[in-house]
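Keeping the supplied structure of chain W fixed, place chain A upon it in accordance with the hints.
From first to last, the protein sequence lines stand for chains W and A.
Here the first sequence stands for residues 9 to 419, where the numbers follow our numbering.
Here the second sequence stands for residues 44 to 482, where the numbers follow our numbering.
Treat the hints as calculated values from the structure; they're not laboratory data.
Below are the DMTMM-like pairs computed for lysine to aspartate or glutamate, each with C-alpha atoms no more than 25 Å apart in a straight line:
1. W/Lys286 to A/Asp234
2. W/Lys22 to A/Glu385
3. A/Lys236 to W/Glu289
4. A/Lys236 to W/Asp217
5. A/Lys347 to W/Glu48
6. W/Lys120 to A/Glu292
7. W/Lys191 to W/Asp137
8. A/Lys205 to W/Glu272
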Amino acid sequence: MQIKPILAAMRRHKAGTILIGFQIALTLAIVCNALFIIHERMTRVSRPSGVNEKNLFVITNDWVGNLSDPQTAAQIRADLDALRQLGSVEDATAMNSFPLHGSGWDNYIRMKPDQIHMTTDSSIYMSDDHTLDTLGVKLVAGRNFTPNEIQALPIQQMTSWPVIIVSKDLAKLLFPKGDALGKQIYVTNNYTSSTIIGISDTLQSHMMDNDSNAYAYNAVLVPMRELGTGYVQYLVRARPGQLEAAMRDAPKALVAQSRMRIFEARDGVMTFAQVRAKAYERDYGMAILMGIVSVVLLAITAAGIVGLTSFWVGQRRRQIGVRRALGATQRDILSYFMTENMLIGLGGIVVGTLLALGINLWMVTHYGVAHLSGSYLLVAAIALLVLGQGAVFAPALRAARVPPIEVTRTV
Amino acid sequence: MFAYYLQLGLRSLKRNPVLTALMVMAIAFGVAASMITWSVFRVVAGNPIPWKSSQLYNVQVDNRGPQYDNPPNEPPEALNYTDAAALMRAHKAPRQTLFYDIAPAVLPTRPNDLPSTANGYATNADFFSMFDVPFKYGSPWTSAEDDSHAAVAVIGNELNEKLFGGANSVGRDVTLDMHTYRIIGVTERWDPKPRYYDVYDGMQFSDDLPQVYIVFNRAIDLHVRMSGRNNCGGAPMHIDNDEQWLHRECAWIPFWVELPTRAAAQTYQEFLIAYSAEQQRAGRFGWAPNVRLRNVTEWLAYEKVVPSESRISLFVSIGFFVICLVNTIGLLLAKFMRRSSEIGVRRALGATRREVYAQFLMEAGTVGLAGGVLGLLLTIVGMQGVGLLFEPDVAQLAQVDLSLLATTLVVAVVATVVAAFYPTWRAAQVQPAWQLKSS
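Same shape as in the complex, but just chain W:
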């Protein structure tokens, strides 16, 4: 196929050529950034929490009345006993926050008492000896808390946590040589150190904002039951297949213990699946929106190509007839239009690539999006070329079917 005559013909209808090329360029720029956003969000959504999420649910319990600290501590103990005695419940624990929760307590982690800048930031999960079991997180080294290590007091009365368990990612970050067990670190601002007695398997932080991505797997379990907050969160693991029953039984068992409590109708009792959906709703929303935009955009671009090429075919029926009369085969005509579209598409892709990189660079500086990888450009470019060829095929076929006799007719 000769390219020169095609280029010469393009010069005769510059506007249409430029419009299609520009449309392909813009589509490429937006679609590959949209695909990239989808990929980024989906990667985020699919990262593991470390928690065995099946059969797990959360009860947020607000206290009514001014319980004293010892009263609250006793009530929590009684509540947990009642929960664990339920036939449908495997284990239960009380925590201040949990992975994917979005809010909770994070604190600077330091290696020395007088260190001002943090070594890293980490979730602080106030836990007890049932926490790891309830969450379904295994210890990879060391030991669990013992019941008598658990302190129950308001945070402002806490002086130190002699022993802590850290997630394996945090352990590796602080002690790259893998000798974290038994070491001392500073997880409070009180100038007292804590000894690492256990290292847990992967455990995600409660922090869900993008600024905290670097700390996503930093977690410290401290042996404490926090009082004086006015509420407590129970995490409950149901026996396999008995999640529904457990979610029905648990609030009743708690109310039977004491009526002076509130479970908010909206989010008082939530399965962990609901927690997860809520944690990532922004990400799902973005991915869906970008998906819709990409599909509709590709459809519109294809439609635009069909429309303009049909117009060109209609405009050039006589020229096609002349070529056919002079011996061009149907295949020649078909490949003429296909090649023309391919050339415009390639031009659009060159411009579109620059645009896509420009948009990405702008998003990198303004929204902390990662750099666009070349494979997205490649995939989007190939998709657009294939789409263009597909769109042009029908009008090109119609062109190829123009009979040579056409040349003899006047319009």
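Below, chain A alone, put in the same frame as chain W:
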């Protein structure tokens, strides 16, 4: 002539049904996507109190020192009790307010109801006048109640419905965390979006409207629990008594002042610097004064209140619309040029270029209108699905209203007419002689 061209335009819609349908759909999708994302964006990026946003200032005072600043050189976003109380005492602004979030358990008034939790604020009298809180019954308390640490409360309309069936409850009692308060006022539903004054506690798009307001001084006396954010940075957390708890260098009290003029703001800024310098001399601050005074607009920008998701989706939708328009330019070009001979005949019969312009722009306008109407339907349908795309907090802000519908139509028509300029210009360039000859 206008009516005639309109008629011609409508008729030509039927002439190339496929081409026309493509254009109409492209415009409809483009305008609908833009309008849906815009409807969310206009709320999240909106000015919640336009008549006053340049007179309300958030106050920041660095009470922890530069080594703890995050981001660097920026003071904490709220005050601790020591500074908040000192600035209240100094009373250097015509109005000033301070508050912290509370979430007490509310006892029901009817025996069979269950207790519930209500969000709200422990604050002072100026809160209501500074933020223009609308009242349904009664009125806010005054500085006299602030000074006497009075056991009075203002409740929200929704809580009033729940407890008193919507009746005027002024003078009745409400029990919050086992303490009794006399109701002095009931607010109307009050929901500025974003909730600029309480961004510190992450309430900018919260749909939990504040339902209880109690006197700050009394709340401190009673140790009413704070339910909001408490940022202690690197400050030690351990305390031995309540006095220490109050004076910890943790940030938990947002502080706002109302300053009528720029000059007053300047004076207040100088006062803050002088206050910090005094704290430095007294040995409490080991660093030079570092204070900020930001008005509502500056504060919302500093706190990056607009979620990046709504910004990105707005930009993507606008890009999408631009592509749809480029597509429309191409298709209009095809549609118009196909009628070169018709144009030739009209020109030969005496139509001026101007008239050709008028006719084809009108035709484009009808395409735009058709796209706008379809886009309107898509927008309305799409708004039902906004909940899938944005968090419920944000999604429920997006409302279909008349202005949105009108904007959709206007944008569709104007954009299409603008897109039609080039194809129309080409149509008007058609040489009558050429066309007549080749026929």
